[in-house]
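Based on these hints, arrange chain H on the given structure of chain U.
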Amino acid sequence: MARLFDIRILTIAGSLLCLILGLAFPWSKTPIIVGLCFGIATLGVAAMVRAGQVSFGHAMYACIAGYTVAFLARAWPQLDGLLLILAGVGASLFAGAIVGVFVVRYRGIFFGMLNLAISMVLYSVIGKFYAITGGTDGLRINRPTLLGIEFERAGFETVLLVGTLLAAIGLGILVQRYFQSASGEALAGIKTNETRLEYLGLSARRVLWDGYLFSAGLVGLSGALFALVQGLVTPDIGSWLRSGEFVFIAILGGSGHAIGAFLGAAVFELVKLFAAAYMTGIWQMLLGITLIVVILVAPEGIVGLLMKKSALATPRRKSPWGTRREENKWTP
Amino acid sequence: MDALIRTEGLSLSFGGVVAADNIDFRLDVGERLAVIGQNGAGKTTFINICTGFLKPTRGRVWFDGKDVTGMEPRHIVRFGLGRSFQLPQLFLDHTVRQCLEISAAARQGRLSFFKPLAQSVNRREIEHTLELVSLRERGSELASSLPEGQRKLLDVAMALMLNPKLLIMDEPTSGVASEDKHDLMATLMRALDERKVTSWFVEHDVDIVSRYATRVAAWIAGKVAADGPPAEVLASAAVRREILGTA
Chain U
1 MARLFDIRIL TIAGSLLCLI LGLAFPWSKT PIIVGLCFGI ATLGVAAMVR AGQVSFGHAM
61 YACIAGYTVA FLARAWPQLD GLLLILAGVG ASLFAGAIVG VFVVRYRGIF FGMLNLAISM
121 VLYSVIGKFY AITGGTDGLR INRPTLLGIE FERAGFETVL LVGTLLAAIG LGILVQRYFQ
181 SASGEALAGI KTNETRLEYL GLSARRVLWD GYLFSAGLVG LSGALFALVQ GLVTPDIGSW
241 LRSGEFVFIA ILGGSGHAIG AFLGAAVFEL VKLFAAAYMT GIWQMLLGIT LIVVILVAPE
301 GIVGLLMKKS ALATPRRKSP WGTRREENKW TP
Chain H
1 MDALIRTEGL SLSFGGVVAA DNIDFRLDVG ERLAVIGQNG AGKTTFINIC TGFLKPTRGR
61 VWFDGKDVTG MEPRHIVRFG LGRSFQLPQL FLDHTVRQCL EISAAARQGR LSFFKPLAQS
121 VNRREIEHTL ELVSLRERGS ELASSLPEGQ RKLLDVAMAL MLNPKLLIMD EPTSGVASED
181 KHDLMATLMR ALDERKVTSW FVEHDVDIVS RYATRVAAWI AGKVAADGPP AEVLASAAVR
241 REILGTA
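Those sequence lines, one after another, are chains U and H. Here the first sequence is numbered in the numbering used here, starting from 1 and rising by one per residue. Here the second sequence is numbered in the numbering used here, starting from 1 and rising by one per residue.
Looking at chain U on its own, in the form it has when it is part of the complex (with noise of 0.2 Å):
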């Protein structure tokens, strides 16, 4: 119980720095949005680590969430902004519904390469068609009315600094429970032993569909989220250096615990944040440095380096990179 008092503090702390931060330095609000944003994406990403697999492509959900804002924004100009992220999460849904039926096939180098693909795809489409998206200029978003109310271009934002954290927390929370549950622990089960799960009468494709199809979902509702806070859509919202960096914040965060992915998001933030202003030239060497010395010496990310510190913790996975599949592995 001590640890998850300390997760809570944590929380609790580092929401109400989110406000104030947010509240004091009004330019601040777009950063830490966009940061809780990269947590939110961070956390389906995570759950694809979970079951051992990493996927260089999930930008993709976030592209086709913010590109269904947009274009309902733009069809129908008085469309509530909460409407606006319900049809982009569920468009990313019923993307990841269909492109996770082919995916979950395969593992590994191909899982993440597939997803790759698939984005690389999605990426170039929107890039050309010109006359429909706008191509890479992108499409503007009109600021829409939030539960019914006009805001101001600095109380929109407030709105959605607040919610924007209250989906985060609660969202953190939900993917907890995913990650504890039966459908959790099985997900899980996929790094290890997929062999043992089909032989429990249980399908691991299916398994890992669901997984999937939940990331699908998160990643979708941070680029919705996103695409309403820049107002504007690009087509960089799905490119794969996009989904390098969730990949990049799972790990810095680790994925043992769902608050690893707002972890890892705040530091690459800040990391980013202090690089621009100050390293202007080498921010990506900064920020690479940064992950050698995570791989290093917690390649669990931060919150495995937290547990582990609490001394608390319960005997967990190892390390969610190094897979131990091979030891395990059976051939008839």
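Hints in this document: simulated from the structure, not taken from any laboratory. Each residue gets a CB set at the ideal place from its N, CA and C atoms; glycine is no exception. The reader is advised that the hints may include incorrect statements.
Said to hold, decoys possible - Computed cross-link-like contacts, SDA-like style, restricted to lysine to any residue with a CA-CA straight-line distance of at most 20 Å:
#, chain 1, residue 1, chain 2, residue 2
1, U, Lys308, H, Lys181
2, H, Lys115, U, Trp209
3, H, Lys115, U, Gln180
4, H, Lys115, U, Leu174
5, H, Lys223, H, Ala237
6, H, Lys115, U, Gln176
7, H, Lys55, U, Lys309
8, H, Lys115, U, Ile173
9, H, Lys115, U, Ile169
10, U, Lys308, H, Thr95
11, H, Lys181, H, Leu130
12, H, Lys181, H, Pro230
Unchecked claim - Ranges between beta-carbon positions, derived for each pair:
#, chain 1, residue 1, chain 2, residue 2, range
13, U, Asp137, H, Phe113, 36 to 42 Å
14, U, Gly288, H, Arg123, 44 to 50 Å
15, U, Phe102, H, Ala235, 53 to 59 Å
16, U, Ile292, H, Arg58, 37 to 43 Å
Stated by the list, open to error - With the C-beta cut set under 7 Å, the calculated list includes, among others, these residues of chain H facing chain U:
#, residue
17, Arg74
18, Gln89
19, Ala105
20, Leu117
Just chain H, lined up with the frame of chain U:
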């Protein structure tokens, strides 16, 4: 007696190698079968075909009156066929208790998304099974921390959690120190007896075979060369020459 599992003309070849050669076989409820044979005789292949992991080139398999030929393992398992492996198939990143909990949840069918795993299964049943296979003290440890003998026990226990009608164990004592083999078998048999599970195990140790089996089947080159009461089969000339190497 009802045939729990029955095969007719079951055949499978890998290229030129005949791994199963026209096998007609049946196992009745309540039997305790030991399968013996040299490495490569086709014992595991036969298990793999019966449990759906491999598809036969010819022949049919019935389990509990249903034709299961060509079905996936997960479907056959649902009819009541449990299996353990020569190389234990565990969830190495989960604790011993969680491994059993996942099995118990799988037996119930639809997996919950929100209810914590430990709460969606019968806790007393889990503890009882842990006790039965002498793993209670290690319940909270990672499965990967167990020594080979206990891994074998956990592997069997995971199959047992499904409440199978038949449990097939592929070499439950291989990789276990010889002085521990009898303890392990006694533990397993106690667990099987308690649940009245029909069993079939592959075994190389003649001592164990004659002590725990009610029937022995000897595999030679993809065929059942001898099948019957242990004393009879172990004394037959072909088995002594080809498998035991004592003639």
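Now for the hints, and whether the structure bears them out:
1. U:Lys308 / H:Lys181: This hinted pair is violated, its Cα atoms lying about 38 Å apart.
2. H:Lys115 / U:Trp209: Holds: Lys115 of chain H and Trp209 of chain U sit about 19 Å apart, inside 20 Å.
3. H:Lys115 / U:Gln180: 8 Å, holds
4. H:Lys115 / U:Leu174: At roughly 11 Å apart (the allowed maximum being 20 Å), Leu174 of chain U and Lys115 of chain H satisfy the hint.
5. H:Lys223 / H:Ala237: 16 Å, holds
6. H:Lys115 / U:Gln176: It holds: about 11 Å lies between the C-alpha atoms, which stays within 20 Å.
7. H:Lys55 / U:Lys309: Violated, because 50 Å separates the two Cα atoms, which is more than 20 Å.
8. H:Lys115 / U:Ile173: OK: Lys115 of chain H and Ile173 of chain U at ~12 Å, within 20 Å.
9. H:Lys115 / U:Ile169: 19 Å, holds
10. U:Lys308 / H:Thr95: Measuring from Cα to Cα gives roughly 17 Å; hence the hint holds.
11. H:Lys181 / H:Leu130: OK: Lys181 of chain H and Leu130 of chain H at ~19 Å, within 20 Å.
12. H:Lys181 / H:Pro230: Holds - the C-alpha atoms of Pro230 of chain H and Lys181 of chain H are around 19 Å apart, at most 20 Å.
13. U:Asp137 / H:Phe113: 36 to 42 Å: 40 Å, holds
14. U:Gly288 / H:Arg123: 44 to 50 Å: At roughly 47 Å between Cβ atoms, Arg123 of chain H and Gly288 of chain U fall inside 44 to 50 Å, so the hint holds.
15. U:Phe102 / H:Ala235: 53 to 59 Å: 57 Å, holds
16. U:Ile292 / H:Arg58: 37 to 43 Å: At 57 Å between Cβs, range violated.
17. Arg74: This hint holds: Arg74 of chain H lies near chain U, its Cβ roughly 5 Å from the closest one there, short of 7 Å.
18. Gln89: 4 Å, holds
19. Ala105: 4 Å, holds
20. Leu117: 5 Å, holds
Checked against the numbered hints listed earlier, the structure breaks hints 1, 7 and 16; every other hint is satisfied.
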